[in-house]
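As you go down the protein sequences, you meet chains A and B in turn. For the first sequence, counting from 1, position 193 maps to 193 in UniProt numbering; every step adds exactly one. For the second sequence, counting from 1, position 247 maps to 247 in UniProt numbering; every step adds exactly one.
Any given hint could be a false lead.
Since the list gives no way to pick one copy over another, a pair counts as held whenever it fits inside one copy or between any two copies.
DSSO-like cross-link-like pairs, simulated, lysine-lysine; straight-line CA separation at most 30 Å [unchecked claim]: (1) Lys275 / Lys147; (2) Lys26 / Lys67; (3) Lys26 / Lys457; (4) Lys227 / Lys457; (5) Lys305 / Lys227.
The hints are simulated quantities; they were obtained by calculation from the structure and are not laboratory data.
Number of protein chains: 2
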Amino acid sequence: MSEAVRPLKDASAALIDELCAIVGEKHVLIDAADMAGYLIDWTRQFSGDAIAVVRPSRTDEVSRIVKLCGSAGVCIVPQGGNTGLAGGGIPSSGTPSIVLSLSRMNTIRHFDEAGRTVVAEAGVVLEALQAYVDERELFFPLMFGAKGSCSIGGTLATNAGGSNVVRYGNTRELCLGLEAVLPDGSVFNGLTGLRKDNTGYDLKDLLIGSEGTLGIITAAVFRLFPKPLTRVTAFLSMTSVDAAVQALNRIQDRTGQSVEAFEYVPAPVLGALEKAFPELRSPLEGPVETGVLLEVGSSRVSDAKADDTGSTHLATELLLVLEEMMESGDLLDAAIATSEQQRSDLWRMRESVLEAILEYGASYHFDISLPLANISWFLQEMDEMAAALGFETLTIGHLGDGNLHYALVCSDRERWQTLALGRAKEKAFELLRRLNGSFSAEHGIGQSKLDVMRALKEPAQLDAMRAIKRALDPEGIMNPGRLVPLAE
Amino acid sequence: MSEAVRPLKDASAALIDELCAIVGEKHVLIDAADMAGYLIDWTRQFSGDAIAVVRPSRTDEVSRIVKLCGSAGVCIVPQGGNTGLAGGGIPSSGTPSIVLSLSRMNTIRHFDEAGRTVVAEAGVVLEALQAYVDERELFFPLMFGAKGSCSIGGTLATNAGGSNVVRYGNTRELCLGLEAVLPDGSVFNGLTGLRKDNTGYDLKDLLIGSEGTLGIITAAVFRLFPKPLTRVTAFLSMTSVDAAVQALNRIQDRTGQSVEAFEYVPAPVLGALEKAFPELRSPLEGPVETGVLLEVGSSRVSDAKADDTGSTHLATELLLVLEEMMESGDLLDAAIATSEQQRSDLWRMRESVLEAILEYGASYHFDISLPLANISWFLQEMDEMAAALGFETLTIGHLGDGNLHYALVCSDRERWQTLALGRAKEKAFELLRRLNGSFSAEHGIGQSKLDVMRALKEPAQLDAMRAIKRALDPEGIMNPGRLVPLAE
Chain A
1 MSEAVRPLKD
11 ASAALIDELC
21 AIVGEKHVLI
31 DAADMAGYLI
41 DWTRQFSGDA
51 IAVVRPSRTD
61 EVSRIVKLCG
71 SAGVCIVPQG
81 GNTGLAGGGI
91 PSSGTPSIVL
101 SLSRMNTIRH
111 FDEAGRTVVA
121 EAGVVLEALQ
131 AYVDERELFF
141 PLMFGAKGSC
151 SIGGTLATNA
161 GGSNVVRYGN
171 TRELCLGLEA
181 VLPDGSVFNG
191 LTGLRKDNTG
201 YDLKDLLIGS
211 EGTLGIITAA
221 VFRLFPKPLT
231 RVTAFLSMTS
241 VDAAVQALNR
251 IQDRTGQSVE
261 AFEYVPAPVL
271 GALEKAFPEL
281 RSPLEGPVET
291 GVLLEVGSSR
301 VSDAKADDTG
311 STHLATELLL
321 VLEEMMESGD
331 LLDAAIATSE
341 QQRSDLWRMR
351 ESVLEAILEY
361 GASYHFDISL
371 PLANISWFLQ
381 EMDEMAAALG
391 FETLTIGHLG
401 DGNLHYALVC
411 SDRERWQTLA
421 LGRAKEKAFE
431 LLRRLNGSFS
441 AEHGIGQSKL
451 DVMRALKEPA
461 QLDAMRAIKR
471 ALDPEGIMNP
481 GRLVPLAE
Chain B
1 MSEAVRPLKD
11 ASAALIDELC
21 AIVGEKHVLI
31 DAADMAGYLI
41 DWTRQFSGDA
51 IAVVRPSRTD
61 EVSRIVKLCG
71 SAGVCIVPQG
81 GNTGLAGGGI
91 PSSGTPSIVL
101 SLSRMNTIRH
111 FDEAGRTVVA
121 EAGVVLEALQ
131 AYVDERELFF
141 PLMFGAKGSC
151 SIGGTLATNA
161 GGSNVVRYGN
171 TRELCLGLEA
181 VLPDGSVFNG
191 LTGLRKDNTG
201 YDLKDLLIGS
211 EGTLGIITAA
221 VFRLFPKPLT
231 RVTAFLSMTS
241 VDAAVQALNR
251 IQDRTGQSVE
261 AFEYVPAPVL
271 GALEKAFPEL
281 RSPLEGPVET
291 GVLLEVGSSR
301 VSDAKADDTG
311 STHLATELLL
321 VLEEMMESGD
331 LLDAAIATSE
341 QQRSDLWRMR
351 ESVLEAILEY
361 GASYHFDISL
371 PLANISWFLQ
381 EMDEMAAALG
391 FETLTIGHLG
401 DGNLHYALVC
411 SDRERWQTLA
421 LGRAKEKAFE
431 LLRRLNGSFS
441 AEHGIGQSKL
451 DVMRALKEPA
461 QLDAMRAIKR
471 ALDPEGIMNP
481 GRLVPLAE
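Could you build all of it, start to finish, from the sequences and the hints given here?
Here it is as structure tokens:
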């Protein structure tokens, strides 16, 4: 080690002492073994190093840490449950950084029964929040695979989506306000939970989805919803994606916007599923064309009641629409879950798709979205292009939101190495641009898509983002090198 | 006129020539008579002057105008239907400015049936957009008094609310994307209408509600909804505001979140109404305590069907809840509209309240919001305080959103002059702060509430707002002196 590096070493030691003074020695991890889990993401694609992992338990501690790091010129990488898919919560190697873990800030601070809101700290695990709300006979909807380990701070930082956005919106729409520590260490107190508050720029929504680059979200107030008393879950085989989109609209009308999930599970994915998990079969006997996992739900007492036919009012309502669609020929076949077991089997099928694709072979996954009217066009052009380049494709998606998880795959992992993935990505992004699609729908940019961001995001928007980043974080200490590509 | 002013005069003349070259001479108004209507607001509280009123018809013209004004150091005040209540669209006197009227940009560019979205230019009048959508068997919800003359650009710039926010959200929640000209003249193209698009900072929501201080919204893409096939409108007399809030939640649960409006119309307001418009009486025979105008709506075919009782399924559903509430004693009396005429009478009553208050005497109107649980507390303390200072009070509000239009009034206009309005405002804002309320719920800040903004907005948020304003509009040409109070 050269002499020149020594002062940094000393500076680090001094910083660590000061961090310990703020949060207590126990909560400043500096041993490699203790830090390891915080320095690599769960997909094992992204790893880095840090001076320390710091675990504050209160907002004022976060504020003091931010001020301290600001004056020391040390970067801060906020981290929640470390379930991100884009490397946004993992520090870079070689940039003096701390990981600021919000895991100890896991208190649910307040429940407002009249206003139907809840205030939770950033480190609260999504599933724990849902259980808390459920006990109080209300509903917090956000739903995706990582719900048992992701923290709500991370869902906010990435504006996480999932499978019931079609009814309840992304994390942004569920959040009524934030508490956050800004890059200068000041605290933004926005936890009033008001439905209407037009007093200046929308800092809440600027922070949501900013992936820790504009500040650290320490708590949030969320909207809660009536608890669905009854759900109907079905698996449909439609003639085409366009027919499925039309069906979605018709079901929305007929059930009074009760659609909670409208998931695309086409034939090739069912094949991959059956190969990986023989017990996870389509509930339909014949071959499936465009498969859709549909769920409708309602909080109405009358919807949960059995009618003359023995099924619930909501199920009868849905059946009527399905029958119409069968008569018109758009719907080929349908299976309705008649027990909680059948419902959970359908969801297990949906939730096992990623694993089935990973089992199937090598893969690259796009997280994209399109206007509903352009989806079938995209799929057709992409599938042709991919086939021409020697790829197979496996696509699932949250069809109701136009969000596809489109995977280029190859069952032969060796042959995968020879395929022109770069060319396929280029063509895909070109096609997306042409069809008004987005290259990043719900997983965020992090470090994994910075190059795409630089290449595809509109220059006027990139410039505005950079100006905002410089304005709020002039020293560039908040999660640098993530989300916002540097100007060239 | 001094010699020193001449160059400005010449500069203005040159600027006007260039503006004419962009939009055509006909659309650059410079005569005082032609400009008059653009330089005073409809409440006649705010007026100013301008070099010219410029009326572009295309986004590229707006971009060229912004660049031109930027290089000439002339400020730009965007204006839509000029129906604002806070003076945000009226230029200051003495600041070289143009009014940029969006009224000619009134094309509905695109309707997406599958995705249920519509792209409209900023100058489209809200009611015209609603009619367009209605013809296509869908629904665009935004509803308030000015709908016949306000333009959608203005609703976006102020994040307008209204009376069905309780179901559909504010303008922000209805908007999926924007096209806007930024202060440097660059164009932000965000009209893809995607439900999920996590590619960087949320510039859309930053521009919405920024009152023209960060750019000029030229077009927007909006979400559309299933058209309600049936509505039930009722007027309720509840025992208290808290009972009304509880009733709201119960009705939401029981009708599957079908509440479209939940408006607070208490006894004193009914009195003022009857005094001003004797034909606009409460539909209830006895005295009303906490009056609520309730509307539920549904797009379900089955809800619109008559059941055994002869009323619609939705009405029967609502009746059941009302009966329960009557048994529990929370609901004193209720009248359900049984014809479109009765429904429109109820709404006319609600919509005539402002006029009735203005007739009643001198008044000052707060546009505030509170957590639902704190509303009765606020009303009690405010009413007592106001009475102690010699004011009467008349309050209506969008109770479902916690949004009150609270008016201090005095039937004797001469005595009004002697009352301590400043003291009452101070006390009101102090109380609001204590109860987690907002001093500006839906009308915006404009120029009318800049002093309140400076006094009450959290310094950390004011600093962030100022930093963003400087970053995106370094020359300060976009609607200066509005929304963002200058640092002291």
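For lysine 26 vs lysine 457, is the C-alpha pair at or below 30 Å within one copy, between two copies, both, or neither? Answer is neither: 43 Å inside a copy and 38 Å across each miss the 30 Å cutoff.
For the identical chains here, do lysine 227 and lysine 457 meet the 30 Å Cα criterion within one copy, between copies, both, or neither? Neither: 39 Å inside a chain and 35 Å across chains, both beyond 30 Å.
Within a copy, between copies, both or neither: which one fits lysine 275 and lysine 147 at a CA-CA cutoff of 30 Å? Classified as within: same-chain Cα gap 26 Å, cross-chain 58 Å, threshold 30 Å.
Treating 30 Å as the Cα threshold, decide for lysine 305 and lysine 227: within, between, both or neither. both (15 Å within a copy, 26 Å between copies)
Pop the pair lysine 26 and lysine 67 into one bin, within, between, both or neither, using alpha-carbon distances up to 30 Å. Within one copy only: 21 Å inside a chain, 57 Å across chains, cut-off 30 Å.
In summary, the structure is inconsistent with hints 3 and 4 from the numbered list given earlier, while agreeing with the others.
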